[in-house]
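There are 2 protein chains.
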Amino acid sequence: MSDYEKVCLIRGDGGSAIRGILDRIGDKWSLLVIATLDGGRMRFGDLKQHVPGISQRMLTLTLRHLERDGLVSRTSYPEVPPRVEYELTGMGRTLVGPAVSLAEWAIRHNPIIDEKRRAYDARQS
Amino acid sequence: MSDYEKVCLIRGDGGSAIRGILDRIGDKWSLLVIATLDGGRMRFGDLKQHVPGISQRMLTLTLRHLERDGLVSRTSYPEVPPRVEYELTGMGRTLVGPAVSLAEWAIRHNPIIDEKRRAYDARQS
DNA sequence: CTGCATCCACACGGATACTG
DNA sequence: CAGTATCCGTGTGGATGCAG
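From first to last, the protein sequence lines are chains A and B. Its first residue numbered 1, the first sequence is counted upward by one per residue in full-length UniProt numbering. Its first residue numbered 1, the second sequence is counted upward by one per residue in full-length UniProt numbering.
Just so you know, not all the hints are guaranteed correct.
Identical chains blur together in the list; that is why a pair holds if it fits in one copy or across any two.
Stated by the list, open to error - As a list, the in silico DSS-like pairs of lysine-lysine whose alpha-carbon atoms are at most 30 angstroms apart:
{"no.": "1", "residue 1": "K28", "residue 2": "K116"}
{"no.": "2", "residue 1": "K28", "residue 2": "K48"}
{"no.": "3", "residue 1": "K116", "residue 2": "K48"}
These are calculated hints, taken from the structure and not from any lab test. Treat the numbers as computed from the prediction; the structure is a model and nothing was measured.
Could you build all of it, start to finish, from the sequences and the hints given here?
Okay, here's the thing in structure tokens:
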């Protein structure tokens, strides 16, 4: 793939193809929830425990958005106490790959970026 | 790579390795600026024209952040009128690959997601 | 041309309390 | 257990005006 084609891919038609995906999973919790669900189907409480720091409200909202976009499926069982299980859809699972490549980049470059950042901040003071 | 290792990659130590990268390039403009700069070194005004819809303020802020993180280098020429050129650093260019894989995913699945979303919204009403 | 300062509207997200 | 409702602080980002 040529460099020009790469640019077009990211910028997309009208300059914002990447915007759609970032609006969907660029928020604070979506990718973490997706990664956690990649381990398999899980119920609400377990999910809340396995995503460190997420509030009940944000887990609910995040799951609603992911469900709306068809990335996560929701199954509720009419029992008392209620039981609800969430699971990645087929499309949801295909997102894990690209997300991982970004995560690998992050892990590889985090130390360098932190150093650059400290150096930059030092120059300002 | 096993599924479990994938999850660990995204969730990272303490559950937020992906958070760093999203905080860096998950904002509204960073990836678009990076993709645009992948075409080659460019000055402020050109950049503003080639990133559709970005305001002057946000372009400045975005470039500062990217420069701070060592993803973009800034060169200003002491002339009148002033001329400033921006360019991806080596590290900045390595980000284009993973970003492209995410963009490809977005382009491939955008139509499906839009359809799912419409269906979901229809069920609610 | 480049970019900083200011004001402001709005969405995100945390804390908390309440419900079936 | 699995939410919903409310309040509220904060950050993001757009518009505008000014400066070097």
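These are the hints, each one checked on the structure:
1. K28 / K116: For K28 and K116, both the intra-copy (24 angstroms) and inter-copy (22 angstroms) Cα distances are at most 30 angstroms.
2. K28 / K48: both (14 angstroms within a copy, 27 angstroms between copies)
3. K116 / K48: Intra 34 angstroms, inter 25 angstroms, cutoff 30 angstroms: inter-copy only.
In terms of the numbered hints stated before, the structure departs from none.
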